[in-house]
Amino acid sequence: MSSRKILIVDDSETIRQRVAGALEAAGFSTITARDGVEGLVAAQKERPAMVILDVNMPRMNGLDMLESLDVRNSELAVLLLTTEVQPSLMARAKKAGAKGWMVKPVNLEQLVATVRKVIAQAPAAVSA
Amino acid sequence: MAPQDGRAVLETMIQSSTVDLFHAAGIAVAPLPSTRVDPSAITSRALMATISFNGNGMAGTLGMLVPAGAFELVKQDPLRPFTGAAWVQDSVNQLLGRIKARLLQFQVTLQMGLPMKLDETGLKQLVKGGILATYRFRTLRGEIAVTLSGKVDYSKLNYSNQTSFASEGDIIIF
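Quick mapping for you: the protein sequence lines, in order, are chains L and S.
Residues in the first sequence are numbered from 3 upward in steps of one, following this note's numbering.
Residues in the second sequence are numbered from -3 upward in steps of one, following this note's numbering.
Be aware that a few hints might be false.
Said to hold, decoys possible - Using C-beta positions, here's what the derived DEER-type ranges look like:
id, chain 1, residue 1, chain 2, residue 2, range
1, L, MET62, S, ASP1, 37 to 45 Å
2, L, LYS97, S, GLY51, 19 to 27 Å
3, S, LYS147, L, ALA27, 39 to 47 Å
4, S, ALA4, L, LYS119, 40 to 48 Å
5, S, GLY53, L, LYS97, 23 to 31 Å
6, L, ALA122, S, SER151, 49 to 57 Å
These aren't lab readings, by the way, just hints derived from the structure by calculation.
Quick reminder that beta carbons are idealized off the backbone N, C-alpha and C, glycines included.
Turn these sequences into a full structure, and let the hints steer you where they fit.
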């Protein structure tokens, strides 16, 4: 697993491009996927350190993908990035092991700072 | 809430959410008087998208129509460009997200569909199906329109002073 590799899963091309651009400018490498199904495949194949995950997507939504990733039993960190603000959805993400919830539109500098902070706190980063 | 008050609340919500959304994208917009029933106010634009919604007392479609010139004002990373079609779909999604977040305070929980590209034929069908209101916004590069269609029971909007909801730009670490 590379502690600099981030998977961005969002059906919005605009979000994928903006977030990937900001993270790459900060020294991370990125891969992208357009929905939960593509995201699951990419997560298994690429073994990123973190997934930035939308909630509302075709085929498989972000919360279903999060639960399929079983992050409570892995070193993978997940941050949700969504327009949703419903407390019940946040509670579901927290229960499934997500590290945080970001409400669109997020300031990209703050997003990068949050990614750095969460990755620094991950077990893999500490032991690396 | 009385239906006329509910209608005013929703109109204010849509207008202020649209202004905030475009401001965040670096585009200054000025609201124009809304037109509730005049379909002639709805003319095709280069970039159009819709998103469906349903919830207690509401079911319908939100549409966004943007001239190409307005999209040219959006800042892009030349290494990571995105298309106008993708941008307008993301924008209508974020607009409904903002409205949905504000409606929570009025005890309305919406389910959002997925944003879809709208072409001229789709626009004609949308107009034929009935538009509840059109919200127009002037920009330096033409006029943006936001359409609301479907069924809305304005009396379902009941204000509660619950303020624990997250809002745009918030980052919550668990």
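Comparing the hints with the structure gives:
As the Cβ distance of L:MET62 to S:ASP1 is approximately 40 Å, the hint placing it in 37 to 45 Å holds. Taken as a hint, the range 19 to 27 Å holds for the pair L:LYS97 and S:GLY51, whose Cβ atoms sit roughly 24 Å apart. For S:LYS147 and L:ALA27, the hinted distance range of 39 to 47 Å is satisfied, since their beta carbons lie about 46 Å from each other. Checked against the given bound of 40 to 48 Å, the beta carbons of S:ALA4 and L:LYS119, roughly 42 Å apart, stay inside it.
A hinted range of 23 to 31 Å for the beta carbons of S:GLY53 and L:LYS97 is consistent with their spacing of about 30 Å. At about 51 Å, the beta-carbon gap between L:ALA122 and S:SER151 stays in the expected band of 49 to 57 Å.
Checked against the numbered hints listed earlier, the structure breaks none of them; every hint is satisfied.
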